[in-house]
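A.B. asks: Listed below, chain by chain, are the residues.
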Amino acid sequence: MTRVLLDALRKCDPRVQWRNPVLMLVEACALLATVYALWETVTGATPTSGGAALPGSFHWAAAAWMWLTLYTANVAEALAEGRGRAQAAGLRAAQATTTAHRVRRYDPLRDAAAREATIEAVSSAELRPGDVVVIAEGDTVPADGQVVWGIASIDESAVTGESAPVIRESGAKRATVTGGTRVLSDRVVCRVTMPLGDTRVDQMIALAEGARRQKAPNELALFALLASFSLSFVVVALTLNAVASPVAAPVSLPILAALVAALIPSEIAALLSVTGIAGMYRLLRSNVLVTSAKALETAGDITTVLVDKTGTVTWGNRRATRFVPVGETTRHELVRAAVLASIDDPTPEGRSTLALAHTTSLMPDDVAAGAGRAIPFSAHTRLSGIDLPDGTQVRKGAESAVLAWLKRAGDQQPRGVVEQVRARTTVIARAGGTPLVVAAKPAGGRGEVLGVIELKDVVKEGAADRFETLRRLGVRTVMITGDNPLTAAAIAAEAGIDDHLGDASPETKLARIRTEQAAGHFVAMTGDGTNDAPALAQADVGVAMSSATAAARESANIVVLDDDPTKLVEIITIGRRSMATRGALTTFNIANDLVRYFALFPVLFVGTFPGLDALNVLRLSSPASAVLSTLIFSVVVIVALVPLALVGVPYRTPDLGTSLSRNLLYFGVGGLLFPAVCIKLIDLVVSLFPGY
Amino acid sequence: MGDGALAAANVAALAVVLAAAYRPLGDYLAHVFTSARHTRAEKVLYRAVGVDPEGRQPWPAYLRAVLAFSLAGLALLYLLLRTQHLLPGSLGLPALRPDLAFNTAVSFVANTNWQAYSPEQTVGYAVQAAGLAVQSFLSAAVSLAVAAALIRGLAARGASTTGPATTGPATTGTGTIGNFWVDVTRSTLRVLLPASVVVAVVLLAGGVVQNVAGFTDVTTIAGGTQTIPGGPVASQEAIKMLGTNGGGFFNANSAHPFENPTPWTNLFQVFLLLVIPVCLPRTLGTMVGDQRAGRVLLWTMAALFGLVYVSMTVFELAGAGTVPQLAGAALEGKEQRFGIVGSTLFATATSGTTGGAANSMHGSYTALGGMMLLLNMMMGEVAPGGAGSGAYAILVMVVIAVFLAALLLGRAPVYLGKRIGVRELQLVSVFILIMPTLALGGLAVSLGITPVRAQILAGTGNTGAHGLTEVMYAFVSAAVNNGSAFAGLSANTPWLNTTLGILILLGRFLPIAVVLALAGSFARQEPTTTTATTELPVHRPQFVGLLVALVLFVALPMFLPYLMLGPLAEGVGR
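Taken in order, these protein sequences are the chains called A and B. If you count by our numbering, then the first sequence holds residues 18 to 709, one letter each, in order. If you count by our numbering, then the second sequence holds residues 1196 to 1769, one letter each, in order.
In case anyone wonders, no lab produced these hints; they're calculated from the structure. No residue lacks a Cβ here, since even glycine has one placed at the ideal position from N, Cα and C. Some clues are possibly wrong.
[Said to hold, decoys possible] Only some residues are given here: those of chain B computed to face chain A with a beta carbon under 7 Å:
#: 1; residue: His1233
#: 2; residue: Leu1286
#: 3; residue: Leu1603
#: 4; residue: Val1617
#: 5; residue: Ser1624
#: 6; residue: Ile1629
#: 7; residue: Leu1635
#: 8; residue: Met1753
#: 9; residue: Leu1760
[What the hints assert, rightly or not] Just a sample of chain A residues kept apart from chain B, beta carbon distances all over 10 Å, derived:
#: 10; residue: Arg127
#: 11; residue: Glu143
#: 12; residue: Arg145
#: 13; residue: Gly155
#: 14; residue: Leu237
#: 15; residue: Gly462
#: 16; residue: Glu485
#: 17; residue: His538
#: 18; residue: Ala568
#: 19; residue: Asp581
#: 20; residue: Thr583
#: 21; residue: Leu611
#: 22; residue: Leu677
#: 23; residue: Gly685
#: 24; residue: Phe706
Only chain B is shown next, with the shape it has when bound in the complex (with noise of 0.2 Å):
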């Protein structure tokens, strides 16, 4: 089978699965989030911990149990890493730096999952499953949960329709938007848990490992000896896959055997990751009524899907160079099993979602190839984002397309209703602008103390252009929370864990401000009733042109000239 062919049918399977699961899960997702019930493990949990479970928060309140609930995580999980030395089931491993841990407990906080070491010589069992499995789940049920409160200011409507206490529609009056502690609850004991174990089952039937062995040492074929080290591997895959967490159990990540063993556990992988992005524009089309809303945003994350996954595999398939023309194929740094159409479709998967996840070698890629990963994530992860981040990335550029669409037509700018007004556009142009800022700024100070630069180059494992997009690479990848890396640089120092840490936290933290904000803004507002002849043609496939273009043109003005610097320099500036 041709590459072409081949790369057509993954992505057709992969279309056939995922248009299976759409319906379905997007609705229990909604369900989950706007049902009046609480079960009784939850009522348990409720009262154990101490919250009103039918209180409505506003989005100041939520805020801040959003922050109050990660620094309790991110606190506890330092102290785990620190302490590993001390913990039974540690393989003998010592407790890590502080500024490795802090990197290492931020960046799984807040589902980034940038890994500046190599796990299976870092940490043992039991901050593998108690500290970091615990915040892949946690870190993306509150992804899921902030997406949930940005859905249901949109959704808020007027409190003589108002739903069950507290997470039916919320009421304009008042503004709230949900419960936090009841959306990352029910996010992670409906939704996360018991489909984590579902797949965990299916993994191990592909192949994946699941054991508490320890390192086995075996003697090779040619007399050596060699450690493998072993582990419970397919329990934390789930959720590395799903969460769109990333954080591998090997180093290696998807690329180790005992982590992603066949082509079609490979393929099985990206359908994981895509499925909970992909499915949320329908649970935003339930819980506000029209499905079309839902479907402009599936089109448009597939456009920018698409156009991420042909390009980049072209590039590798046209592989310039003279290694990888012998090779018929930009192979280094690939696995044999998965081939380039394997490889770049998790890679196009994992750099469009933020799992940090990775079967191949990034910094191997051709340059352009390369180039369409960081572009991927440049994008700000809309395509399809990461599980809840994605649908609140894209809303908010919704926002600014649904405002110009009004504009260009001589109208009032309404999404579903709700107003776009000075408020709205103030918060969602603060957006755009945090992580770009945030990855340029780090990048900028990095390079331009002379010092650490000189730090920096010393670690990157190739000089000139290809060495400064690893450095590019990490500092991108960490201030838009993705956490795969290119590979190349030597991330494990006192600097970079720090700055990295920091960067990851603020991408983290302050869109996610912006974004409960918003959702406050809406929850306000009373919904307008809009007819046939009013209303924006905000569901045509010209607004999911204009949609996909302003993606494009919100990224590429602030990162054009950097890949100017790096991948095109190297790709086509020799």
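Looking at chain A on its own, in the form it has when it is part of the complex (with noise of 0.2 Å):
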């Protein structure tokens, strides 16, 4: 709390100060008005203003209150900073992070694999550049990097959105390897190029601290708006005494600075960056990075979303949906088969196996973990499965490897066979779905070919739920995959997207968003691959997830920091959100000068024209209290406000046009009553005051 209030100190003065020029004005007419009282009070002079004698201690108490109103106004900003790097900070402590097996003193002649070398487990935050790590099978990958060694199959769909598993080896063209992607099977070394976390925490400090805050277009525009109104009060304070000349004493110097003090709208000054850093504070809260403030509420202006398929819309990995015995064997004996090739295999395709055996009451209950020795899959052998005491070996894998495997034990499959597999893998792949063959060799017995299982995406639960939202929001969804149109059209259907773009390369993306932009919608794109690197940096809003390649990472300017790509919801209604907050401060304030105005300017010339007092409508008691009163409204104003800016205002989804009624009346109606009762109460406490 010291250091917010040390800090709004700081903010008075002028050199950091005129970053905020409607702060700014408030400053000068405070300094104007301190000059002026001290003036009057070394000459003695009695205060008077538009004809009327003020009293003594008058000019000094309206400077007070205009430096309090600016000191307040500081306050309220430095108190949001305040907040938004607290968050910041623990978010930093807590990032996500994964360990890595660092090698120390790696030697690529002698040790190529590091087998002997020290290997320590560091967080892969810590990782830097040149840094050498072991990756085995199971582990996140730590950070991008180059395979110096071995040979691996990686999952890399959470980055690249391609569920088949790839090849990656050391000395070929694919030896790149992803941070954030998983290895499946094998071992390799790799050298780091590019530490996973990068400096976007710190970007997002830089941004909560307010140093470096970019202004958003619209905060751009109603600060042109606040200029204009701003100026229109100084021309005002800068006329009325010529104007007045004719038929009126002048009106106090101090009493024009704090017409200009009390009418400018020096409270949305105060609050707009409150509302800027709390938006970026929920978004911290809900694990959103955010690049930009523009970003932020570019987020609130989205008309359109590209969402990639895997990972959003789908798993991504592929699961088990169908069992299609071939030849002879039952479905009975398939499943069976099946469960025993996956009971001790951790990927997804073995896990959904046993899930779909379980869904479909075939479960073996004679089958447990540990049956056997566990084949585990690998990239060499494209093979997984398992090999039972009784010299019975059960293996699932792609077509070919299975047929392969089969041959290689002697037991080629007759033409008929393979032909009626082929139809059936024919089938599932035109389908959009991956086929697993799954053939078994009892100890002695002739191998054989026993069917095949189904492998789908399949939609995540829950994804309807949120494009039926996402539509409530008024944003259309569109669902890219490098899959066949009509599997894009079924998964599309299934998840109740509007729309979807299949076969898509990087080109027809980037097209595609242009086409959209073009017709004037926003466009929104998630996407985590390399090549998603253009049309990230094309889209109005670019939201990648942590896990993204680096490249992708720096075309975003989201980063959404768990992974989870729904996040989207969120970033739209935040977005949204605060510049509702923007629109019913801004609201409230010019309902709140008009109640200003009746309370400032009838006392102006009541010394000269007796009469006004009947258009002073609140009654307050003297024109010095209602110059004072107006003035301790506004730091009272300030204050009262703060909560709404951090906070914002509920952002409704319904019917626009009862939305905007009832924020009319909530800010504009109340922003005539708020002030009204405030002003009116503050004069009572004033009034007590001797002379007010």
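Could you fit the two chains together into a complex? Lean on the hints.
C.D. replies: Written out as structure tokens, the structure reads:
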């Protein structure tokens, strides 16, 4: 708290304050009033204004409250910055990291596989380019890097969106591994090229602290309007006495200054940055990093969202959905073999096969984990399975791999079976699924193909709800996928997505975004892969998951830390809420001003035209009290509005017309009643002082 | 018939005829501004002047054309006024002093028609017909052209839907907003000129004079002699009202029986003042293809007009002071044949359009009634505003209102598919400052310099608050290009002629520059397609409420303290 108070004081320094011209104007007014009051005290003149005498202490009191208005405005800003700072610091500490196995003193010549070298477990955040890490089966790749030894199959679906595992090996063209992907089999040694956590958290902290706060477009636009309002009161203050000269005595300088200080929209000027910071703070709490205030606000304007199929709409890794027996095999036999081949298989394919067996109620009850020697999936064999104690071997894998395995064992399948298998797999592949062929070879018996497991992308539960929410927000969703258009259409329909783009390449994605933008839409795009980078950059708002490739993260202006692609709903809602809060503050302020006119203007010349007191509708006790009460109200209103600016106006999705009426009622009519009551109450207190 | 019933009958009759004109005239104007065809006369004219009617102008070129055209008109009119003594048909009147000639030329070119002189004693037929009447047509045509350019900017659609070359919807790619020469020619030849001929005939039938008789000396019943000026009045009266000019043939303007002889010509003149500004929203609706947008403007104009008319009439009927109470109402300075109701209706129309015409002495209104006249001008002439200038002034307010409404709803500010961004809001923020700053700045400078103040105050018809109101009215009227006078103030002094002339000039062309920049900014944008769920509710009644409140809230803060010193000090201050 002390820091906030001190920060606020520091902001009053004109060299800092000029960045907020409206508040700078308040400062100038306060300074002018102070100098005048000082001069008056030194010369011993009695304060008068508009032909009426004022209490001796009046000009000092007016100056003091102007200073207090300025200070309160700065406290509000400092308060918001403090909260943002605390949140960002907490975030930095808790940023999702993985454990990396770093090789100490890697020797590429004598110990390329790093089997003898000392290996230390460190946080991925500590990795620097040039470090060498060992990544074994099941590990998450801790950073972007190059494979220097070994070969591995890697699940890159979280990043590239392609569900099939890819092979990465040293020396080849395919040596690049990407942070956030997962090694499915084997072990590689990699050299780090780019650490996973980049400087975005630091950027965000800088943003939250407001030092480099960019202004969002609507904020800049609003600022133009506020500047215009402010200037209009300056014009009034500069011309009033000259125009009044034929009929009335001049208004005193401090009262003119008070007029400007009380009427210019200093509350909004003070609270605009608070709403901006509060918006980012809310996003941080939802684990979303924004790299610019502009992105946050643009997020509120989004009308079209392009989402990746994998990860957002579907699970990305393929899941078993159907068992298809081949030849004489019964369904029961196929399921039993498939379960055996998967019982010790930790991959999504294996686990989903077991899950499917459970749901088909054909789950054999005599099979348990550890039933035999598990043969894990490897990039070399592209097979997984089990060797049972009785010598039976069961395998599942890609069609070609399984047939090759049977051939090697001397059990080449007859042509009819091969053709039947191929017919089944083709049907599955054409529908967008992936076939997994199951084969068994009893001890001493003849190995044969039993059937096919159909693997398919499955729509995430809850995804449909999310897209429905987006639709209610007035946002259209377009699903992007590398699948053929038929499959894309099927999945889009299942997930309740408005439109889809199949066979997507980086070029078609970019083209689609441009078409949407040409039609006047504001486009958001979620993407992870390096090949998404151009599209992310082209989109008005590019959203990347934190596990995305560095290129994708660089091109995006929003990063979702917890990798939940449906965060778009929160991002859009928070963006709109920030705007709505600014709108509410502005409407409230404009309405406020009307009350202030009727508090201030009638009393200016009441000394010359006593009848003008009839317009003093609030029945304020004296001109001095009216001016002072209005100034005090400026301080009160900033304090009262800080919570509103921090919490924001609830964003409502239903009918916009009703929302407009309600907001106009709350902030327009409320903006008339609140100051009327407040100023009157303050006046009752002020009038207790002698002379007021 | 009671005054209330009479007022209601007047307004109802007016509403019926305006409603009848709304659709045909609005659509006709839209047709004029979008048609691809040029008439033969127009083609001849374009060839003679050397203008390519197919060329499209981006906003800076359009603005340059407006300025060049107006400057040429200004120079020509100044020359005519300065050489009046050499011209035929000048009734032997001398040339005007340089300051008066400047003021007069500026105010006619700027559609303001602030007349610092008594026309029948100052200008002859040559100047009236070849100078003043010509500029009455052309200045109104320029206003219409600027309004058309802004609407075209809002209506601009992509190149694929490009209409006819020059005047069809502007293309967004190039950001062109039409062709000024075509707009101004068509406004004159297809709208103002033919309409004026018809109107002049109607006015003649109503008793307005039309002759070249010069001065007629008659012996009155009492035996004294009187010199009665005649002249081509009806022909000038038509464009004076239709183009919201207000420059009368006689000093008494529409209070003079030769200009406005009967109650029904009075109502007809009010109709003429209002008809083009009221129908322009329909033109907007037709050109952008969304009539709801037009209706919102129409209702806003109607609400503001009603507000001013009702309060002014109530204040006049209540009539504070001994004399009005004895007379039953504040009838001083009003024509018996129009009564209170006919006078306030005309006054509301003339102060709410940029028509500086008057059928009663504004200075004789009650303090608060006079304040409503001032307030109507201070609101920036949007109820319903001048022919053309009203449409663009209210569209500026719409831009601000849409921005606020969008902010309140947390949505992107979009109006008619056009995004309201930083540049647009910067432009409108400048726009709303121009008029008040000019009026108050000119007022403060004039009253701040002691010798000038002494001179001005010596020339006011009253002392104290009422005298100040006379001066204030002059400056506001000049800055907002209204041109009506409060009377009382001797405005024909070198200082006032010059300062008011400068204010009129700036008050005309600064806003036009901003509006054209705004038009260009909109024209460059590709419109957004909106659906029912994403469309901002900018065509609902609550938006009309917001717009009305905004017009008042933008005008009040700057002018309220001055109203306190003038009309309010006079009305309630004592």
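A.B. asks: Mind listing which of the numbered hints don't hold for this structure, in increasing order?
C.D. replies: 1, 2, 6, 14, 17, 21, 22 and 23
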